[in-house]
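Novice: Taken in order, these protein sequences are the chains called P and F.
The first sequence lines up with residues 1 to 115 when you count with my numbering.
The second sequence lines up with residues 116 to 228 when you count with my numbering.
No lab work stands behind these hints: they were computed from the structure.
You may find that some hints are simply not true.
[Unchecked claim] The list that follows gives simulated cross-link-like pairs (lysine-lysine, BS3-like), each with its CA atoms no further than 30 Å apart:
no.	chain 1	residue 1	chain 2	residue 2
1	F	K173	F	K130
2	F	K130	F	K172
3	F	K173	F	K183
4	F	K120	F	K130
5	P	K24	F	K215
6	F	K186	F	K172
7	P	K68	P	K78
8	P	K78	F	K172
9	P	K78	F	K215
10	F	K157	P	K68
11	F	K186	F	K173
12	F	K173	F	K215
13	F	K157	P	K24
14	F	K172	P	K68
15	F	K215	F	K120
16	P	K24	P	K78
17	F	K120	F	K183
18	F	K186	F	K215
[Unchecked claim] Per label pair, the in silico range of CB-to-CB distance:
no.	chain 1	residue 1	chain 2	residue 2	range
19	P	D56	F	P197	33 to 43 Å
20	F	S170	P	P70	38 to 48 Å
21	P	E83	F	G131	24 to 34 Å
22	P	P70	F	S122	33 to 43 Å
[Unchecked claim] Far from chain F, some chain P residues (derived; all Cβ distances over 12 Å):
no.	residue
23	G3
24	P8
25	M15
26	P61
27	R64
Quick reminder that beta carbons are idealized off the backbone N, C-alpha and C, glycines included.
What follows is each chain in one-letter form.
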Amino acid sequence: DAGVIQSPRHEVTEMGQEVTLRCKPISGHNSLFWYRQTMMRGLELLIYFNNNVPIDDSGMPEDRFSAKMPNASFSTLKIQPSEPRDSAVYFCASSLAWGTGGELFFGEGSRLTVL
Amino acid sequence: QQQVKQSPQSLIVQKGGISIINCAYENTAFDYFPWYQQFPGKGPALLIAIRPDVSEKKEGRFTISFNKSAKQFSLHIMDSQPGDSATYFCAASNTGTASKLTFGTGTRLQVTL
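Just chain F, with the same shape it has in the complex (with noise of 0.2 Å):
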């Protein structure tokens, strides 16, 4: 129940296009979603969070759409960049409980000119 899955596990994209990346949950209690960003050789950091009382979320070319009834959201980069290569990974915790927060398997997107 404490599961996160992420799909797809690679992807990759042209440049200006619109990357995707897909999450769903299954424990009705996470209320904090979250997505991270990894370069190689460094460690995640936050790029964008979502809570459950708003559908969605818009940071610059990112967007989190959150689908409470499905249990899903996921992750949209407009315009994409060459820069945006990276792996994304999904994330989800009850803060309610101060739970730890769940990763998903991670999307390695890869971004072509």
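Isolated chain P (complex conformation) (with noise of 0.2 Å):
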């Protein structure tokens, strides 16, 4: 079975620019979670979404980020104009029945670097 997938892999970017990361999550599951890693802050979650609707975004540090799921196997982050703050590696992760303890399930992440 395929995981979930993300792409890109990596990504070098310039400040300023747009960036569109995108995610399939694993078929049949109902949660899709979008978590940022970096060295000083750990895994923070930024938002997440369940049958498509965003439950929770306040983990979006700011107005330049926005996250779309337009169906159940496609969902995006956009960062939008991206600084060097932004530098991280950004995992998605989708879960079945989650609220009930449901497992997470975590893609192979996209490393950001914006210059």
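Dock the two chains into a complex; use the hints.
Specialist: Okay, structure coming up:
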């Protein structure tokens, strides 16, 4: 079975550019999460969706960040404009039946470097 | 109140030794405590999880010990192997409210030969 698929795996961009990260969750999973990982702050939850609806976006750092889930098999995290402090590894994770202690399945991450 | 505090930040253990990682939480509503393992270049993966109705859960060489009154839980890795070298994250959530999973800051484990 295919796991959570993220693209791109690596992205290097210049400050001010728009960045779009993509995620395909595991088929049948109804919850999707976007995390950011840095050495300083560890794993931070940015936003999560349940049945394609955003439930909690309190972790989104600022208006430059936006996330969408147009259907059950695709989500995007967009940063516009990007800044050097956005450099991090961004993980997408999906889960079946979240809320009952369902396991999170993480993708391999998208490493973003903003110069 | 949502924090999960994890220690140590890093740990070096000899092959065959016992690795112990500790976590503490404040929110008494938390009722689900998983541990995730992350290898370099990979995403975290669920290793083992416990609910507060038991004080210990064992899966192979991995054991979670849970102390509800102290609001602490720990991961023990018995007979540690070089292949266990990874970063370990504890986490907690309140499944009753489907709250988000709050992760600890991680422990980088290195098992030496």
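Novice: Run every hint past the structure and note whether it holds.
Specialist: Checked hints:
Proximity of F/K173 to F/K130 is assessed by CA-CA distance (about 20 Å); at most 30 Å being required, the pair is judged to hold. With a CA separation close to 23 Å, the supplied pair F/K130 and F/K172 stays within the 30 Å bound. Our distance criterion of 30 Å between C-alpha atoms is met by F/K173 and F/K183, whose separation comes to about 17 Å. Taking the CA atoms of F/K120 and F/K130, the gap is about 27 Å. The hint holds against a cut of 30 Å.
Distance hint between P/K24 and F/K215 is fulfilled; the C-alpha atoms sit about 20 Å from each other, no more than 30 Å. Between F/K186 and F/K172 the alpha-carbon distance is near 16 Å, which keeps this suggested pair within the 30 Å criterion. Taken as a hint, the P/K68 and P/K78 pair is honoured in the structure, with Cα atoms around 8 Å apart against an allowance of 30 Å. Between the alpha carbons of P/K78 and F/K172 the distance comes to roughly 40 Å, so the proposed pair goes past 30 Å and is violated.
About 21 Å separates the Cα atoms of P/K78 and F/K215, which keeps this hinted pair within 30 Å; it holds. Simply put, F/K157 and P/K68 have alpha-carbon atoms about 24 Å apart, close enough for the 30 Å limit, and the pair holds. Distance restraint check for F/K186 and F/K173: the Cα-Cα separation of roughly 19 Å lies within the 30 Å cut-off, and the hinted pair is therefore satisfied. Of the pairs offered as hints, the one joining F/K173 and F/K215 holds, with about 25 Å between alpha carbons and a cut-off of 30 Å not exceeded.
The hinted pair formed by F/K157 and P/K24 meets the criterion: a straight-line CA distance of about 16 Å does not exceed 30 Å. Of the pairs offered as hints, the one joining F/K172 and P/K68 is violated, with about 38 Å between alpha carbons and a cut-off of 30 Å exceeded. A hinted pair counts as satisfied when its Cα atoms are at most 30 Å apart, and F/K215 with F/K120 qualifies at roughly 16 Å. For the hint pairing P/K24 with P/K78, the CA-to-CA distance comes to about 15 Å; that is within 30 Å, so the pair holds.
Of the supplied pair hints, the one linking F/K120 and F/K183 holds, its CA atoms being roughly 15 Å apart against a limit of 30 Å. Pair hint F/K186 plus F/K215 holds up; C-alpha atoms about 18 Å apart against a cutoff of 30 Å. Remark: the range hint 33 to 43 Å for P/D56 to F/P197 is upheld by a beta-carbon distance near 39 Å. A hinted range of 38 to 48 Å holds for the C-beta pair F/S170 and P/P70, which are about 45 Å apart.
Range check, P/E83 to F/G131: about 47 Å between beta-carbon atoms, so the 24 to 34 Å window is missed. Taken as a hint, the range 33 to 43 Å holds for the pair P/P70 and F/S122, whose Cβ atoms sit roughly 42 Å apart. Residue-level check failed: P/G3 sits 9 Å from the nearest beta carbon of chain F, not beyond 12 Å. At roughly 14 Å from the closest C-beta of chain F, the C-beta of P/P8 stays outside 12 Å, upholding its exclusion from the interface.
Taking the minimum C-beta to C-beta distance to chain F, about 25 Å, the non-interface status of P/M15 holds against the 12 Å cut. In this structure P/P61 is separated from chain F by more than 12 Å, as the shortest Cβ-Cβ distance comes to about 16 Å. With a least CB separation of 21 Å from chain F, P/R64 remains clear of the 12 Å interface cut-off, as annotated.
Going down the numbered hints, you'll see the structure goes against 8, 14, 21 and 23, while the others check out.
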